[in-house]
Amino acid sequence: MKEINFEHKMGAHCESGTVTALLNHKGLEISEPMVFGISGNIFFGYMESSNFSFPTFIVRNKPGSIRKNFGKYTGVKFHTKSFKSKEKGEAYLNNLINNDIPTAAQVDFYYMDYLPEWQRVHINVHFVTLIGKNETDYLVSDSYFPKKAKIDINRMTKARFVNGFMAPKGFLFYPEYIPGNIDLNKAIIKGIKKSAYNMIKIPIPFLGIKGMRKFARKVVDWPKITRDIDHLSHEIMKITLLLEDQGTGGAGYRYLFATFLQEASEKLNDGSFKDMSKRMMEIGDNWRNISYFAAKIGKNRDLGPERLKELSNMINDRADEEQIFFTDLYKLVK
Amino acid sequence: MTEVEIAKLKTEIKEVILKSLNITDIKPGDIENSAPLFAKDNILGLDSIDAIELIMTIQKHFNVRIADQNLARHVLESIDTIAEFLIKERENK
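Chains as they are written, first to last, in this note's numbering: chain H, 1 to 334; chain B, 1 to 93.
Keep in mind the hints are simulated off the structure, nothing from the lab. Keep in mind that the hints are not guaranteed to be accurate.
To spell it out: a stretch of chain H is covered by chain B in this simulated footprint if at least three of its residues, at any positions, have a beta carbon under 8 Å from a beta carbon of chain B; those stretches are [as the list claims (entries may be wrong)]: (1) 46 to 52; (2) 110 to 120; (3) 140 to 148.
Once the Cα atoms are required to be at most 27 Å apart in a straight line, the calculated DSS-like pairs of lysine-lysine come out as [said to hold, decoys possible]: (4) B/K40 x H/K296; (5) B/K93 x H/K9; (6) H/K148 x B/K93; (7) B/K27 x H/K274.
Glycine included, every Cβ here is placed at the ideal spot set by N, Cα and C.
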């Protein structure tokens, strides 16, 4: 098998983990929390749209924004390409591998069969790095998996060209230029400003802290828009999956952002960010309490108005906490 | 840690899991140390919703933080991996 010399690492999240591993390979020493933080990806949004069968929420910015924002704030240039034709998409990828270029691909997570079946769900925005191939298989570095893994070429092509919401369309990318003199301190400040803006200043009523409050208001009415107790239970338990499982990051990426602030404190030589990091860790713990609560009441079908009100209050408390947190954080960088 | 201490830790982990998930018909000795906890044929019959309960329980009982879900997936693979994680955490403290 042709194998590119590529250091495999596990990550907290597929996109930040993939971008970090590719940057490291290209010679830029940087951690995953730093990539995540600089890209200003901590977020919240309560989404009701025809794209979703049921209201949902997001805890990070949209897929692709880690790469795009990191590039914007540091000057790193990424080569990106999508395809209409499967054949062209496969040939393009094979050519990159043959030329020793480890390449990230957007895939449907479900097809990554090196992972146990119980872990796999259909999500069209999973990212893996292709680092080798032979006649039948690709060699994959997936930040969700402890080691390099093989996957059948046809299966990978299928995963790259599935249809549906946010279809990958064979999308792939790799860093092609890293400036020699990246001002990381400046990039950190930009990332923090972007994060604070997204959480407390963005003028859209369902995003940032406003989105959390909307979520808190709406969740008590979910019994009105669900078919029965089983459906309601399913949607309530999905809160846990969205906070902890999907996209990973854990506790809605709050821990990852806390680690970024800890590292920022050292880089900027400013203890204030260390204090903010500790506060964000506690906020992450509090989100995890919501994960636990939602899992418990969903599983036990304990979904009366008083329980949903309790859940709503917990979400509102997080909104209060994050409003104060991001206001204080913004003051440190403006 | 000695082998005896590690065995004791693994028993403690099993007791904590059984108590947390309110499982009364299985004894710690019935759970294999290396068996994947979330496999369909595991004696515990756990699902992904149980995972968050286990994370919270382990964090609270052993005073550790499992900060991301990939780490959690790896840690919660089996009793052996939970024990490995806790031993590492203790060494790092």
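Checked hints:
no.: 1; hint: 46 to 52; in the structure: violated (count 0)
no.: 2; hint: 110 to 120; in the structure: holds (count 3)
no.: 3; hint: 140 to 148; in the structure: holds (count 3)
no.: 4; hint: B/K40 x H/K296; in the structure: holds (21 Å)
no.: 5; hint: B/K93 x H/K9; in the structure: holds (24 Å)
no.: 6; hint: H/K148 x B/K93; in the structure: violated (30 Å)
no.: 7; hint: B/K27 x H/K274; in the structure: violated (44 Å)
In the structure shown, a violation is registered for the earlier hints numbered 1, 6 and 7, in ascending order.
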